[in-house]
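**Q** So the chains spell out like this:
Protein chains: 2
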Amino acid sequence: MARNITVEQAGEAGTIAAIRSAAPSSLNGDDAAVLDSTTSNARQVCTTDILVRGRHFRFRYSSPYEVGVKAVMQNFADIQAMGARPTALLLAIVTPGDMPLETISELARGINDAATPWGAELVGGDVVRAEDLVLSLTALGELGGPAPALTLDGAGVGHRVIASGNIGYSAAGLDVLQYFGSRKSVPQDDPILQELVSWHCSPKLEVGRGTVARAAGASSMTDNSDGLVADLSVIAQRSGVCIDVDVEAVAPDSNLLHAAERTGCDPWKWVLTGGEDHTLIGTTDSRLPASYRPIGMVRRLDETDPDAPFVTIGGNRPTYTTGWQSL
Amino acid sequence: MARNITVEQAGEAGTIAAIRSAAPSSLNGDDAAVLDSTTSNARQVCTTDILVRGRHFRFRYSSPYEVGVKAVMQNFADIQAMGARPTALLLAIVTPGDMPLETISELARGINDAATPWGAELVGGDVVRAEDLVLSLTALGELGGPAPALTLDGAGVGHRVIASGNIGYSAAGLDVLQYFGSRKSVPQDDPILQELVSWHCSPKLEVGRGTVARAAGASSMTDNSDGLVADLSVIAQRSGVCIDVDVEAVAPDSNLLHAAERTGCDPWKWVLTGGEDHTLIGTTDSRLPASYRPIGMVRRLDETDPDAPFVTIGGNRPTYTTGWQSL
Chain F
10 MARNITVEQA GEAGTIAAIR SAAPSSLNGD DAAVLDSTTS NARQVCTTDI
60 LVRGRHFRFR YSSPYEVGVK AVMQNFADIQ AMGARPTALL LAIVTPGDMP
110 LETISELARG INDAATPWGA ELVGGDVVRA EDLVLSLTAL GELGGPAPAL
160 TLDGAGVGHR VIASGNIGYS AAGLDVLQYF GSRKSVPQDD PILQELVSWH
210 CSPKLEVGRG TVARAAGASS MTDNSDGLVA DLSVIAQRSG VCIDVDVEAV
260 APDSNLLHAA ERTGCDPWKW VLTGGEDHTL IGTTDSRLPA SYRPIGMVRR
310 LDETDPDAPF VTIGGNRPTY TTGWQSL
Chain X
10 MARNITVEQA GEAGTIAAIR SAAPSSLNGD DAAVLDSTTS NARQVCTTDI
60 LVRGRHFRFR YSSPYEVGVK AVMQNFADIQ AMGARPTALL LAIVTPGDMP
110 LETISELARG INDAATPWGA ELVGGDVVRA EDLVLSLTAL GELGGPAPAL
160 TLDGAGVGHR VIASGNIGYS AAGLDVLQYF GSRKSVPQDD PILQELVSWH
210 CSPKLEVGRG TVARAAGASS MTDNSDGLVA DLSVIAQRSG VCIDVDVEAV
260 APDSNLLHAA ERTGCDPWKW VLTGGEDHTL IGTTDSRLPA SYRPIGMVRR
310 LDETDPDAPF VTIGGNRPTY TTGWQSL
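Same order as they appear, the protein sequences are chains F and X. Every position in the first sequence, counted from 1, becomes a number in the working numbering once 9 is added. Every position in the second sequence, counted from 1, becomes a number in the working numbering once 9 is added.
Isolated chain F, as found in the complex (with noise of 0.2 Å):
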């Protein structure tokens, strides 16, 4: 490829080659692209996520690179909180002409090893111009077998809530950068702060936890992309229940402990209302699904109180609630 080339230089089929050189894939090329399916009568699972520019994302912040990454696994985690596998992915690419050729390239580079290691492949999009960068990425899953879907208002009375990775580290991250002002800016001697800041940037998820749950029958299943409360109140809302979430199990951690002591920030911010950790959260009243940990219990809705909260922290309502809008 061309070096410091721009996409309108490069033009549709040169941008097009572009990303299928970065992120190739033998059904990508056709009017559609047509899946396999490795289960037999397995029932396919759609979402899709766009990402802008300046909202979404800085690349004084995150690498083109690691906005890829996110992008996939925000997607994925969605296909995963339903307790399906993650297949395939297809990329709507809004760019402005003056974008370079690497940058895009960079993007599906990102895309294509995020995908990779869930066995899942970049299969068709679209490229067009404007003037705000936005990708608008979507992917598909199956569920095989004739279990139920990890839907959102499947929690009962009883029921433990579950949840299976970081939570706040993307927000401390955000912060973080925020008060550097730049990527380049955060120490690079203090390997916390760089960890939350890469968390922030291009969290990994671990493969398959959300097929786990479903093995494991969990009751329901969302992810943190909006803020725990937010989250965990839709599954609530959802399901007619009361969700309490154990004050010890959820605390800051030392790492983001650390991260309020250099920025200033409340850590608890974090925790309740950060979201894209995109960690799994969800309810079982069976065992413990592997790499899940217990944060707290469904109870009863206090339904004769209209203002009864959907989550409460240690049988409080939360210090913070607000959560991630999208307009």
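Because the hints were derived from the structure by calculation, they are not lab data. You may find that some hints are simply not true.
According to the in silico footprint, chain X covers these stretches of chain F (three or more CB under 8 Å from chain X) [stated by the list, open to error]:
no.	segment
1	37-49
2	74-81
3	89-95
4	125-136
5	285-295
Just the calculated beta-carbon pair ranges, DEER-fashion [unchecked claim]:
no.	chain 1	residue 1	chain 2	residue 2	range
6	X	Y188	F	V216	21 to 31 Å
7	X	Q203	F	P315	46 to 56 Å
8	X	A22	F	T328	40 to 50 Å
9	X	N13	F	P315	41 to 51 Å
10	X	Q197	F	P315	50 to 60 Å
11	X	N50	F	T328	28 to 38 Å
12	F	P315	X	T48	24 to 34 Å
13	F	S35	X	P126	32 to 42 Å
14	F	G226	X	P33	27 to 37 Å
15	F	S300	X	A299	36 to 46 Å
16	X	T48	F	S295	28 to 38 Å
17	X	P33	F	V216	27 to 37 Å
18	F	R64	X	N13	21 to 31 Å
Partial list, computed: chain X residues near chain F (C-beta under 10 Å) [as the list claims (entries may be wrong)]:
no.	residue
19	D39
20	D40
21	A41
22	V43
23	T56
24	I59
25	R64
26	E140
27	D141
28	T231
29	D255
30	A258
31	D262
Note that beta-carbon positions come from the ideal geometry of N, C-alpha and C, so glycine has one too.
Starting from the known structure of chain F, fit chain X onto it as the hints suggest.
**A** Chain X only, in chain F's frame:
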């Protein structure tokens, strides 16, 4: 729904509620949508397309409802061009905050009305704010049974070239709009011009022509999205053949001749380079599928001549060859 409010005023929940009200589906509303297959061991088919305001559509020309219809049709044309049946849609919207909520509702209503005759539903999506108005639509489809998908590389020497639908109508409609400057300036008392404009703004595809062609043993297929010569050239290149189009079969009809007279445009340009008709075009060495007409023959490619054209019109090089370019 409250009148005259913007998406920013409605917020994320209000905007999603407006979309779901205009395009209801019981599959929508979880982390990802789960699709039950109607055919055992069906293969899944997926494709995505972006529409950007000012580049792919203008509200001066098209209503939001029509843009929704067109977005579905161009995606479903890709699904059909594989010989598959569309089953579901995902919609990601990037919108300025001051966009009337009514506009988003109308887009969704167009999507719903276009999808319904195919038995397909809008099953999920995402909304986010930015400067541009961008629709990213993903279509899923199903390929039942063991017959191969209708790929681009299946045309063989001696096969007939076939088409189902209008050719050149969308480009003629766009030139009519540009000639008169706006939709309402197009003469109301000229039903031919009105029909061409309507075809440009919201093409209506006949349901099921892709599956019919596959069942009838077609050998290759695509849709007329970038222009007849451009799209047939892709089949010819990928199949290693030359496609000769019959002059009589694609000659501008009386509607195109009328519009050409009114606007001073060359109707052959519409026929040969006008895309967005989303007419299915392909090849077959079997019987003519229902509602298709023959428009040419597949010839041997002159491999001794590196400049040999992949597409000829009545044995000659086309007078127009350019097609739509995204970048």
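**Q** Next step is simple, just say for each hint if it's right about the structure.
**A** Hints, one by one, checked against the model:
Note: the segment 37-49 of chain F has 10 residues with beta-carbon separation from chain X under 8 Å; the three-residue rule is met and the coverage holds. Residues of the segment 74-81 of chain F with a Cβ under 8 Å from some Cβ of chain X number 0, which does not satisfy the need for three, so the listed coverage is violated. Restraint check on the segment 89-95 of chain F versus chain X: 3 residues with Cβ-Cβ distances below 8 Å, three needed, restraint holds. Evaluation of the coverage hint for the segment 125-136 of chain F: fulfilled, as 5 residues show C-beta separations to chain X shorter than 8 Å, against a requirement of three.
With a threshold of 8 Å between beta carbons, the proposed coverage of the segment 285-295 of chain F by chain X is violated, since 0 of its residues qualify and at least three are required. Y188 of chain X and V216 of chain F have their C-beta atoms about 57 Å apart, which leaves the hinted 21 to 31 Å range violated. For Q203 of chain X and P315 of chain F, the hinted distance range of 46 to 56 Å is satisfied, since their beta carbons lie about 54 Å from each other. A C-beta distance of roughly 23 Å is found between A22 of chain X and T328 of chain F, which places it outside the suggested range of 40 to 50 Å.
Between N13 of chain X and P315 of chain F the C-beta distance comes to about 30 Å, which lies outside the given range of 41 to 51 Å. For Q197 of chain X and P315 of chain F, the hinted distance range of 50 to 60 Å is satisfied, since their beta carbons lie about 55 Å from each other. Distance hint check: the CB atoms of N50 of chain X and T328 of chain F are about 52 Å apart, inconsistent with the given range 28 to 38 Å. A hinted range of 24 to 34 Å for the beta carbons of P315 of chain F and T48 of chain X is inconsistent with their spacing of about 47 Å.
In this structure the supplied range 32 to 42 Å holds for S35 of chain F paired with P126 of chain X, their Cβ-Cβ distance being about 33 Å. Between G226 of chain F and P33 of chain X the beta carbons are some 31 Å apart, a value that agrees with the proposed interval 27 to 37 Å. Look at S300 of chain F against A299 of chain X: about 54 Å separates their beta carbons, and that is not inside 36 to 46 Å. A hinted range of 28 to 38 Å holds for the C-beta pair T48 of chain X and S295 of chain F, which are about 33 Å apart.
Between P33 of chain X and V216 of chain F the CB atoms are about 35 Å apart, so this pair conforms to the stated range of 27 to 37 Å. Taking the beta carbon of each, R64 of chain F and N13 of chain X are about 26 Å apart, inside 21 to 31 Å as hinted. Nearest Cβ of chain F to the Cβ of D39 of chain X: about 5 Å, under the 10 Å cut. The hint holds. Because the closest C-beta pair between D40 of chain X and chain F is about 4 Å apart, less than 10 Å, the hint holds.
At its closest, the beta carbon of A41 of chain X sits 4 Å from a beta carbon of chain F; the interface hint therefore holds under the 10 Å criterion. A cut of 10 Å between beta carbons decides the hint on V43 of chain X: the least distance to chain F is about 5 Å, and the hint holds. With a least beta-carbon distance of about 4 Å to chain F, the hint placing T56 of chain X at the interface is held under the 10 Å criterion. Using the Cβ-Cβ criterion of 10 Å, the hint placing I59 of chain X at the interface with chain F is satisfied: the shortest such distance is roughly 5 Å.
Here the hint on R64 of chain X is kept, as its CB sits about 6 Å from the closest CB of chain F, short of 10 Å. With 10 Å as the threshold, the beta carbon of E140 of chain X comes within range of chain F, its nearest partner Cβ sitting at about 6 Å, so the hint holds. Using the Cβ-Cβ criterion of 10 Å, the hint placing D141 of chain X at the interface with chain F is satisfied: the shortest such distance is roughly 5 Å. For T231 of chain X, the interface hint holds, since its Cβ comes within 10 Å of a Cβ in chain F; the closest pair sits about 5 Å apart.
The beta carbon of D255 of chain X is not positioned within 10 Å of any beta carbon in chain F (closest approach about 24 Å), and the interface hint is therefore violated. A least Cβ separation of about 22 Å between A258 of chain X and chain F goes past the 10 Å threshold, and the interface hint is therefore violated. With its C-beta approaching chain F no nearer than about 26 Å, D262 of chain X sits outside the 10 Å limit, and its interface hint is violated.
Comparing the model with each numbered hint stated earlier shows that hints 2, 5, 6, 8, 9, 11, 12, 15, 29, 30 and 31 do not hold.
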